[in-house]
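Quick mapping for you: the protein sequence lines, in order, are chains A and F.
In terms of the UniProt record's numbering, the first sequence opens at residue 1 and continues consecutively.
In terms of the UniProt record's numbering, the second sequence opens at residue 1 and continues consecutively.
Taking CB as the label site, the calculated pair distances span:
#, chain 1, residue 1, chain 2, residue 2, range
1, F, Phe266, A, Lys181, 34 to 40 Å
2, A, Ser298, F, Pro60, 43 to 49 Å
3, F, Ala127, A, Lys353, 49 to 55 Å
4, A, Ala372, F, Ala127, 39 to 45 Å
Computed cross-link-like contacts, DSSO-like style, restricted to lysine-lysine with a CA-CA straight-line distance of at most 30 Å:
#, chain 1, residue 1, chain 2, residue 2
5, A, Lys353, A, Lys302
6, A, Lys353, A, Lys385
7, F, Lys125, A, Lys380
8, F, Lys125, A, Lys229
9, A, Lys69, A, Lys309
10, A, Lys151, A, Lys106
Chain F stretches covered by chain A per the calculated footprint, using a threshold of three residues with CB under 8 Å from any CB of chain A:
#, stretch
11, 7 to 19
12, 107 to 116
13, 206 to 216
14, 250 to 257
The set of hints was computed from the structure by calculation and includes no laboratory data.
Glycine included, C-beta positions come from ideal geometry on N, C-alpha and C.
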Amino acid sequence: MSDLPGLPRFRTFTFAAGVLAVVLAGGCAAPGESKDSGSSGTGPIKIALVDAQSGQLSSLGKWEYKGAKLAVDEWNTAGGINGRKIRLDVFDDQGDPTVGTNIARKIDSQKYLAMIGTAESAVTIAMAPTLRQAEIPNIASGQSPGMVALKSPFLFLNGPTSTTYDETLAKYLVDTKKLKKIAFISNNGAYGKGEHDAFLKALSGRGITPVDDEVVTTDQKDFSAQLTKIRQRQPQVVFIGAEEVESGLIVKQARDLGINAPFAGAAPQGTPVFRDTAGAANAEGTIVSSPYLSNDTSAATKKFAAAYKAAFGEEAELHGAKAYDGTQIMLTAMKNSGVATGKKLADAIRAVKYEGLMGDFAFDATGVGITATSIGIIRKGTLVKAEG
Amino acid sequence: MQVFLQTLVGGLSLGAVYALVAMGFSLVYRTMGLVNFAHGDVLMIGAYTASTFYTSTRLPFAVAIVSAIAVTGLIGLVIERVLRPLENKDVTLMLIGTIGFGMVLQALAILIWGATGRAVASPVKSAPLDVFGLRIRTYDLVVVAIAAIAVVLLVAFLQRTKRGAAMQAVAMDHEAATAVGIHVGRSNAIAFAIGAGLAALAGGLAGPMLYVNPTMGGTLGIKGFAAAMLGGCGNIPGAIVGGLAIGVLDSYAAGHFQGYSELVVFLVFTVLIMIRPTGLFGETTVSRA
Chain A
1 MSDLPGLPRF
11 RTFTFAAGVL
21 AVVLAGGCAA
31 PGESKDSGSS
41 GTGPIKIALV
51 DAQSGQLSSL
61 GKWEYKGAKL
71 AVDEWNTAGG
81 INGRKIRLDV
91 FDDQGDPTVG
101 TNIARKIDSQ
111 KYLAMIGTAE
121 SAVTIAMAPT
131 LRQAEIPNIA
141 SGQSPGMVAL
151 KSPFLFLNGP
161 TSTTYDETLA
171 KYLVDTKKLK
181 KIAFISNNGA
191 YGKGEHDAFL
201 KALSGRGITP
211 VDDEVVTTDQ
221 KDFSAQLTKI
231 RQRQPQVVFI
241 GAEEVESGLI
251 VKQARDLGIN
261 APFAGAAPQG
271 TPVFRDTAGA
281 ANAEGTIVSS
291 PYLSNDTSAA
301 TKKFAAAYKA
311 AFGEEAELHG
321 AKAYDGTQIM
331 LTAMKNSGVA
341 TGKKLADAIR
351 AVKYEGLMGD
361 FAFDATGVGI
371 TATSIGIIRK
381 GTLVKAEG
Chain F
1 MQVFLQTLVG
11 GLSLGAVYAL
21 VAMGFSLVYR
31 TMGLVNFAHG
41 DVLMIGAYTA
51 STFYTSTRLP
61 FAVAIVSAIA
71 VTGLIGLVIE
81 RVLRPLENKD
91 VTLMLIGTIG
101 FGMVLQALAI
111 LIWGATGRAV
121 ASPVKSAPLD
131 VFGLRIRTYD
141 LVVVAIAAIA
151 VVLLVAFLQR
161 TKRGAAMQAV
171 AMDHEAATAV
181 GIHVGRSNAI
191 AFAIGAGLAA
201 LAGGLAGPML
211 YVNPTMGGTL
221 GIKGFAAAML
231 GGCGNIPGAI
241 VGGLAIGVLD
251 SYAAGHFQGY
261 SELVVFLVFT
271 VLIMIRPTGL
281 FGETTVSRA
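Full structure from sequences and hints, please.
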């Protein structure tokens, strides 16, 4: 390691590696090269789906892709829009905002009409300025209030923001269940921070201060120190603001340390990944605020879940359902506007009133269409609607 | 006091896993003068293989881990064989080669097992022990015990067997070792295979504590590498001390510095390495470029 004896060879190698990387990247990107298929009025309607297809957040990206594809396939089977087929091309953002901004420029130069995704607020926020300038409407799945703060007329959300999730949660815990001793454990990532701030705000509006407020990192694996502190405060409920896997690990370790209070959180705590990581017995009683509690809540969700199962051979869940709703709205707006582009398409999306799996969509000026969630509780390993 | 002790317990169990990872790094470094950057990804493959044998084919946990060690041992042999032409010529290229192997292993894992990952149920079902209000997980005790046994076996192999002595000789002076008839390539291959086997052991044991997914090698690999460097790269007892130290440091930093704990751990690590560049048990180690 001390010297570089083979410097010329080293250069050749890095060059070769570079070429390989370019080829590989090209292979991963969508094959959207034909010039005449954009907004010209003929050929397929090009929609980009941007989501993590590799890396740590790829499960979100895969769910989202399946939901969007299901919607597109439905429309294509019914004959497309104005006789034109819809083409959904996948771009892998790896959950990385830098990769995302590159993709934003790419989908602009390749004349995509609209974009579905991403599931990560941070990536969506990074891409937003480019998409706004290029006037490409985007229906995203993140829930960070930071997306709303951008005030981009081209950015829409296919679900509620953290503010909604946590206001509903606070209402249930404090107003309905009269719980006062609440402890916090959240991570310092974009999602965890958003959840922490939104729930803290919802609590302080009710005059309640958490008995303990612990912050962990997104990479942390051992939570003994924080959980022991929480145990000493004997909270009635522990609010958890972290993604699926980390939440599962926290709950598992908490039970091992003898914390018996229920945990409460938002969408990640309602997923099978959370339940399996924590262990079904440990996850029992977890209180979840979500716009999509289960596949059995209504006729629409049952139909969606059946189609999802038939197409992909697995159970539908929240993220696929959100993407399905978002894509339906996008396609409806295209149909209503006669396949318009840019600002006209954005206005058409804003005008869509849609009864979806998440609820009844009615977009306001900020791009938010859903402002309600329901409370579910994990009972015998599955999420059921809370009574009262 | 309770927080202090509970934090120590939590740190030690993960520390035992880091120690196993660090031992794999150290063994390969000791014999070849090479940091194997694919080590974390070999660990991940080991974790997946063990969990597959354990949950899908319902083998006993111990058998599943031994099978995983066999699989990754083979992977170790393959990596060494591919890198062998570069041995003694270009360590930089070998380093890049190991990074490349890591990427290939990650891509393979996604192809075989998908990107989502899986939770592994704990093989030890009994409730945590309660010692004066301290909760000690029985599975953690198993992990620490197995790690200790692995250390004893490895040290015995290196110091008590002919093959081990030969590997030590290659590490000290490979030309002299060749002159007395030791096959350097074979010695390196064994080092790589054992190193990969240790990674599988660490991964297999970490599975029920954590969550098995294609990127898990990143976190455990970087902490294990830091542990190896802290102990003195190439030094086996150092790897163990380094592993436990990083685990415990991590745990306390998490309690005191919350969201900034990762930063603090690596700052402390950097300061320690600046004071003792060769690590705690530092010796001038091999560099065979």
